[in-house]
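Anchor point for the sequence shown: position 120 equals 120 in my numbering, and the numbering is continuous, going up by one each time.
To be clear, the hints were calculated from the coordinates, so they are not data collected in a lab. Bear in mind that the values here come from a model prediction, so they are computed numbers and not experimental data. Possibly wrong hints are sitting among the right ones.
[To be verified] SDA-like, lysine to any residue: derived pairs with alpha carbons at most 25 angstroms apart:
no., residue 1, residue 2
1, K3, N121
2, K141, N121
3, K52, E63
4, K28, E74
[As the list claims (entries may be wrong)] Estimated spans, in silico, between C-beta atoms of each pair:
no., residue 1, residue 2, range
5, E165, N55, 22 to 28 angstroms
6, A69, K97, 16 to 22 angstroms
7, E100, N121, 56 to 62 angstroms
Note that CB positions come from ideal geometry on N, CA and C, so glycine has one too.
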Amino acid sequence: MLKRLEALIEQTDFLLEKQNEALVESEKIFGGMADEVEEKLKNKSISAQDLKSLNNIRTMIKEHLENVAEQMQEDIEFLTEQLTALKHIAAIPDQKKAKELLNMMIDEDEEILETEAFKENVTQESIASKQNLISIIDDLKSALNEDKFRDVELFLEALCADEEEESEEESECGCCESKCDSKKKGCCSGVDIFKGSCDDDCDDDCCK
Numbered sequence: 001m002l003k004r005l006e007a008l009i010e011q012t013d014f015l016l017e018k019q020n021e022a023l024v025e026s027e028k029i030f031g032g033m034a035d036e037v038e039e040k041l042k043n044k045s046i047s048a049q050d051l052k053s054l055n056n057i058r059t060m061i062k063e064h065l066e067n068v069a070e071q072m073q074e075d076i077e078f079l080t081e082q083l084t085a086l087k088h089i090a091a092i093p094d095q096k097k098a099k100e101l102l103n104m105m106i107d108e109d110e111e112i113l114e115t116e117a118f119k120e121n122v123t124q125e126s127i128a129s130k131q132n133l134i135s136i137i138d139d140l141k142s143a144l145n146e147d148k149f150r151d152v153e154l155f156l157e158a159l160c161a162d163e164e165e166e167s168e169e170e171s172e173c174g175c176c177e178s179k180c181d182s183k184k185k186g187c188c189s190g191v192d193i194f195k196g197s198c199d200d201d202c203d204d205d206c207c208k
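Based on the provided sequences and hints, a complete structural model is requested.
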């Protein structure tokens, strides 16, 4: 039981660390695009339509970052609570009671990944997610530099619409993070590091 508990604590702590790093990186990446928009807005010779598009882009970037940051912060709070609970169990001298409490969080017969494999999976997912985000933002920056403001505006409008639809679906079935299957992987590893919500690894249908 002790080895299992130690593994869960280490894995949860690692994922929490990665999630905090991702929050900082996301703010930096989106901040870079926001700076590009501000530079374009300094051009006094742009048309009224382009000015409208740029202002809309600025607003949507701000709202999107706030939404992502909020979701990621919720994940961080969830993982922090889980880590605190696991450490509390580890500090209980009565092994029988500690085991009972742990089994309430994770079924006794559920397998968890080896810690090194878990860390490798999380790290690879984090890298892939970050690269995907950077690629999207770079494409949008390129479009801005080519003065394709309307194209960027339409893309962000579609993105915001998709997020709103996903949010409504999650509201109908409950919060994904509370339903992430922590039993199989030691902690809520169904979290997209750079998105801040349950990804396809989450076992609940509503998270997919």
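Right, here's what the structure says about each hint:
1. For the given pair, K3 sits about 20 angstroms from N121 by alpha-carbon distance, which is consistent with the 25 angstroms threshold.
2. Annotation: proposed proximity of K141 to N121 is violated, straight-line Cα distance about 30 angstroms (limit 25 angstroms).
3. Of the pairs offered as hints, the one joining K52 and E63 holds, with about 17 angstroms between alpha carbons and a cut-off of 25 angstroms not exceeded.
4. With a C-alpha separation of about 19 angstroms, the suggested pairing of K28 with E74 holds against the 25 angstroms cut-off.
5. As the Cβ distance of E165 to N55 is approximately 24 angstroms, the hint placing it in 22 to 28 angstroms holds.
6. At about 38 angstroms, the beta-carbon gap between A69 and K97 misses the expected band of 16 to 22 angstroms.
7. Between E100 and N121 the beta carbon distance is about 29 angstroms. The supplied range of 56 to 62 angstroms is therefore violated.
The earlier numbered hints that this structure contradicts are 2, 6, 7.
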